[in-house]
Amino acid sequence: MRKTSKLLFVLVMMVNLPALSAGVDAARQAELLHLLKHDCGSCHGMTRKGGLGPSLLPDKLRARPQALLVNTVLEGRPGTPMPPWRGLLSEQDVHWLVEALRQGKGL
Amino acid sequence: MLIAPARRSYGCFYLRRSALQARFVGWFLFILLLTGLTFTVHAECLTRGTGDLGVVIERASGSVQVVDTTARTRLFLVEGLGDLSHASAVFSRDARYAYIFGRDGGLSKIDLLCGELVKRVVQAGNSIGGAISQDGSLVAVSNYEPGGVKVFDAGSLKLVADLPAHDAKGGTSKVVGLVDAPGQRFVYTLYDAGEIRIADLSDPAKPAVQVFRNIGRLPYDALISPDGRFYIAGLFGEDGLALVDLWGSQKTARRILDGYGRGQQKLPVYKMPHLEGWAMAGREAFLPAVGQHAVLVVDSEDWQQVARIPVHGQPVFVVAEPGGRRVWVNFAHPRNDTVQVIDTHSRQIVHTFKPGKGVLHMEFTPRGEAVWISVRDADAVQVYDTSSLTQVATLAAEKPSGIFFSARAHRTGL
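Heads up: the protein sequence lines correspond to chains U and B, in order.
Just so you know, we're using the numbering used here here: the first sequence kicks off at 1 and counts up by one.
Just so you know, we're using the numbering used here here: the second sequence kicks off at 108 and counts up by one.
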C-alpha cells in the first residue's frame, strides 16, 4: 500500500513536473524574462547565441537533461564563470526559466 | 545602402554653397521633398566640430544615438546595427566616424555629422569589441566565434588581415581584451588558451605575432595604461593579474597581485568586471576585485597592492575622472542600482548615490566636468555635474548600455 502510494506520488510528480513552475505568476515571468535577456545575456548573449558563456538556444539544450540544466543554474558550474543563482532565484523560478529556454520564449 | 554615400556628399555640397545658391538648392530640395523622395532628409548633415559628440548604445533595439555633450541632447538615432549586447565603440582619428562592435559579429561605421550608417560588415558569428590602430588606418575586431582577431581597412572596412587564435593544441580560443598599442600594434588575450599576444601590423600584409603563454587561467578582459606601456589581463580562474611591459623585452607575462583574495570567501560573480579605462591616479592604479566587494589600489612602480577599499558591491567599472582626482564605480547584479565615488587621495568613499536599476556604464566629458551614466531599466542616460555631484540632465534612451565620447579618438587603448 505504502509502496503504491509512493509510486503514485512519483507518477503524479512526473506528470505534474511543469506544475513545479506553475507557481510563477505573470509578473514574475516578466521579471525572469527581463533577467534572462539582460543579466544572463551579458555572458550568453541577448539573443542567446552565446558569448563568453555557451549558447542557450533551444536546439543546444534539447539533449540536456532537465535536472542538469536546473542544477547548473541553481548551483553554478565550478571552474567556469557560471555563478550559482540559488538565493536570487527560487527552484520554481529556475524550472520555469529552463522551460522558457527550451521553448525559446522571449526570443 | 548603396546610395548612402551619394546622399551624404550631396548634403555636404549643399551646405558649402553661397546663400543664394543655397536658397535655390533649398527650393529644389523642398520640391523633391514634396514629391516624396526621401533622400532630402540627408541634406541635414551638420557642419560643426565633433569634439564634443559621442554615441550611446541602445543595446536591445540595435540602435545608436549620436549625442551632443555640450547641449546635452540627442542629434541622431541610427538604427539597424544588429545585436548590440555588450557593444563598444572606437572613433576615427578625425573623430567624424564611430566604429561600433556588435555582439553578432557586426562592425558598423557611423557618420556622426550625418547621423547615418555608412557601412556595415558582419565579419564573424560572435564578437566582443575592437580597437583602432595608432595611425587610424586599421580597425581590429576580437571574436569569440570563430575565435581570433580580424583587421579591416578603416576607410572601406575591407578585410586586411586575419589572425586566428589557435592554441598550442590546435583548438581555437575566444579573444578578449583587444587594445591598440604604439607601433601599429594590437594586443589581445586568448580566454580559453590563457595567452597574451602582440600583433605588429606595421606591414598589414605580414603581421608579426608575439605570443606569451601560460599567463593564468581564464583571462576575461584586459587593459593598457594610457602611456601604452603596460598591458594587464584580469584572471577569472585565479586571483591575480597578468602583466606585459610593452617597453621591455620580456618573454613571459609577469604575475601581479598574486592571490589578492586569499583566505577570503569568493562571492558568486553575476557580472564580469570590465578592465577597460585604466583608473590611474598619480602612480596608483584602481582595479575591480573579482568576486569581492572591493576596489584594489596598486602601485604601478612595483605592482604591489597598497590598499583594498571596501565598496557597495562587486565592481564592474572602476573609472577615473580625467585628471584622476576621483574614481567612479558601478556594480554587478543585484547591486547595480548604485554608483560610488572614491577620492583617490584619501582613498575614502566620498559619495554614494542610486541612479536606478541597471547602471551599466559611465563616461566622462573630455575634461571631466560632467559624467554620463546609462541606467538601463530607467531607459535613460543621466548627466551629473562632477563638482556639485548633482544631476543636471536626463536623456531618454532605450535600454542604454555603453556611452562613448569622441575624445577617445585621441587616446591610446580606447
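No lab work stands behind these hints: they were computed from the structure.
Model, not experiment: these values are computed from the prediction.
It cannot be assumed that every hint is accurate.
[To be verified] Some but not every residue of chain U turned toward chain B, in silico, with C-beta under 7 Å:
#1 ALA27
#2 SER42
#3 GLY45
For every residue, glycine included, the Cβ atom is placed at its ideal position computed from N, Cα and C.
For this session: May I ask you to test the interface hint for GLY45 (chain U) with respect to chain B, counting a Cβ-Cβ separation under 7 Å as satisfied?
Result: Since the shortest Cβ distance to chain B is 6 Å, the answer is holds.
Problem set entry | SER42 (chain U) as an interface hint toward chain B, with CB separation required under 7 Å | holds (6 Å)
Exercise. Should the hint that ALA27 (chain U) touches chain B count as held when the rule is a Cβ pair under 7 Å?
Worked result: violated (15 Å)
Violated hint: 1 only; the structure is consistent with all others.
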